[in-house]
Amino acid sequence: MNETRKPRVATVSLAGCFGCHMAILDIDERLVGLMQAVEFDRSPLTDLKTFTRRCDIGIIEGGCCNEENVHVLQDFRRNCDVLIALGQCAIMGGLPAMRNAIMQSDAPLRECLEEAYITGAYIRNTTHQIPNDPALPLLLDRVYPCSEVVEIDYQIPGCAPGGDIIFETLSSILAGRFHGFSRDSFKFD
Amino acid sequence: MAEPRLIEISPVTRVEGHGKVTIHLDAQNRVEEARLHIVEFRGFERFIRGRLLWEVPVIVQRLCGICPVSHHLAAAKAMDMICGVDVLPPTAEKMRRLMHYGQVMQSHGCTSSTSPRRTCCSASARRPSSATSSR
Ligand code: SF4
Chain A
1 MNETRKPRVA TVSLAGCFGC HMAILDIDER LVGLMQAVEF DRSPLTDLKT FTRRCDIGII
61 EGGCCNEENV HVLQDFRRNC DVLIALGQCA IMGGLPAMRN AIMQSDAPLR ECLEEAYITG
121 AYIRNTTHQI PNDPALPLLL DRVYPCSEVV EIDYQIPGCA PGGDIIFETL SSILAGRFHG
181 FSRDSFKFD
Chain B
1 MAEPRLIEIS PVTRVEGHGK VTIHLDAQNR VEEARLHIVE FRGFERFIRG RLLWEVPVIV
61 QRLCGICPVS HHLAAAKAMD MICGVDVLPP TAEKMRRLMH YGQVMQSHGC TSSTSPRRTC
121 CSASARRPSS ATSSR
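These protein sequence lines map, in sequence, to chains A and B. Note that our numbering gives residue 132 to position 132 of the first sequence, counting from 1, and the numbers run on in steps of one. Note that our numbering gives residue 109 to position 109 of the second sequence, counting from 1, and the numbers run on in steps of one.
Keep in mind the hints are simulated off the structure, nothing from the lab. A quick note: this is a predicted structure, and the numbers were derived from the prediction, not measured. One should not assume that every hint holds.
To be verified - Which residues of chain B face chain A? A partial, calculated answer using Cβ under 8 Å:
1) 13
2) 64
3) 101
4) 108
As the list claims (entries may be wrong) - Stretches of chain B that chain A covers, calculated by requiring three or more beta carbons in the stretch to come under 8 Å of a beta carbon on chain A:
5) 18 to 24
6) 73 to 87
As the list claims (entries may be wrong) - Here's a subset of chain B near chain A, in silico, CB distances under 8 Å, partners left out:
7) 41
8) 70
9) 97
10) 104
In this text, a Cβ means the ideal position worked out from N, Cα and C, and glycines have one as well.
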């Protein structure tokens, strides 16, 4: 990393709920220091929709539930030196991956679509059609964790991860001294 | 004369994440149609079926990380209906209101200066436990 420039960070939300991005904001006042120490490139925080330059760190929220998620994730892999999977969705699919495991179903995705658009108790869909506009990205057969699609360098677990753990992990990765999490950081009561 | 055109705005940035707008123009460059697409489909409607009653308010929080409390409370109300609860105990009513105010404050950029993990507008308000859905 060149001494004279700030590390560049990009973030994206794939099949996540934006809770992990909100959790980045949970680092509260430390965000000011972080904003001074790094430069945010492509990210919902900056509204940049494409990479302006190669980035040092890419932070991924959410797994892949449609083809667009896969393309964006591959784009992040190409454009970032280090990829961090932030939160359970990115790490193992998270709650959306519950659709992979609908019991006794041969076609879980179809069942989900039908429940949401046709058979659900409060649905008024007179055409009985499932949205299929060409502008919609194709859904994948399953929800995939990021690590099944590209190589992921670090994972920060939690749903959503706490602000402290995000800040500490990010700081130590930036400083090149990340050696795993301490036991205490995952003590739940 | 111009060809019919399609203008695509993607992603729409001032919604929770995953929207797209397509504007269809005719050969005279007039708007024929404007469509809002919700591109992220996850299937919560189906996969909450068969789960334990008290899990659902916590599961549906993950619909949206910006307004998880709204989803939590909506599910709590649905659970009330399933259980035949018409009148909430005063404490439950107050807790629900408090949570919702916490979310409103958080969504409007309120941050505390000293003890972020103890304020109603930080983590504690964002991922409530299922306490308020039980009686
Ligand atoms: S890990 Fe949890 S908080 Fe993060 S995107 Fe997924 S559901 Fe939302």
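Quiz item: Given residue 108 of chain B as an interface hint, is the shortest Cβ-Cβ distance to chain A below 8 Å?
Solution: violated (12 Å)
Exercise. Using Cβ atoms only, decide whether residue 97 of chain B comes closer than 8 Å to chain A, and label the hint accordingly.
Key: violated (21 Å)
Quiz item: Can residue 41 of chain B be said to touch chain A, with a Cβ gap under 8 Å?
Solution: holds (6 Å)
Practice problem: So, residue 64 of chain B near chain A? Judge it on the closest CB pair being under 8 Å. | Solution: Holds, about 5 Å.
Quiz item: Should the interface hint for residue 13 of chain B be scored as holding, given a Cβ-Cβ cut-off of 8 Å against chain A?
Solution: holds (5 Å)
Exercise. Tell me if chain A covers the segment 73 to 87 of chain B under the three-residue, 8 Å CB rule, please?
Key: Per the Cβ count (0), the hint is violated.
Quiz item: Should the interface hint for residue 104 of chain B be scored as holding, given a Cβ-Cβ cut-off of 8 Å against chain A?
Solution: For residue 104 of chain B, the interface hint is violated, since the closest Cβ of chain A sits about 14 Å away, which is over 8 Å.
Quiz prompt | Within 8 Å of chain A (C-beta), three or more residues of the segment 18 to 24 of chain B | solution = holds (count 3)
Self-check item: Interface hint status, residue 70 of chain B versus chain A (Cβ within 8 Å)
Solution: Hint violated; residue 70 of chain B Cβ to chain A Cβ min 12 Å, cut 8 Å.
Quiz item: Holds or violated: is the Cβ of residue 101 of chain B closer than 8 Å to a Cβ in chain A?
Solution: Constraint on residue 101 of chain B not satisfied, violated at 17 Å.
The structure shown violates the earlier hints numbered 3, 4, 6, 8, 9, 10.
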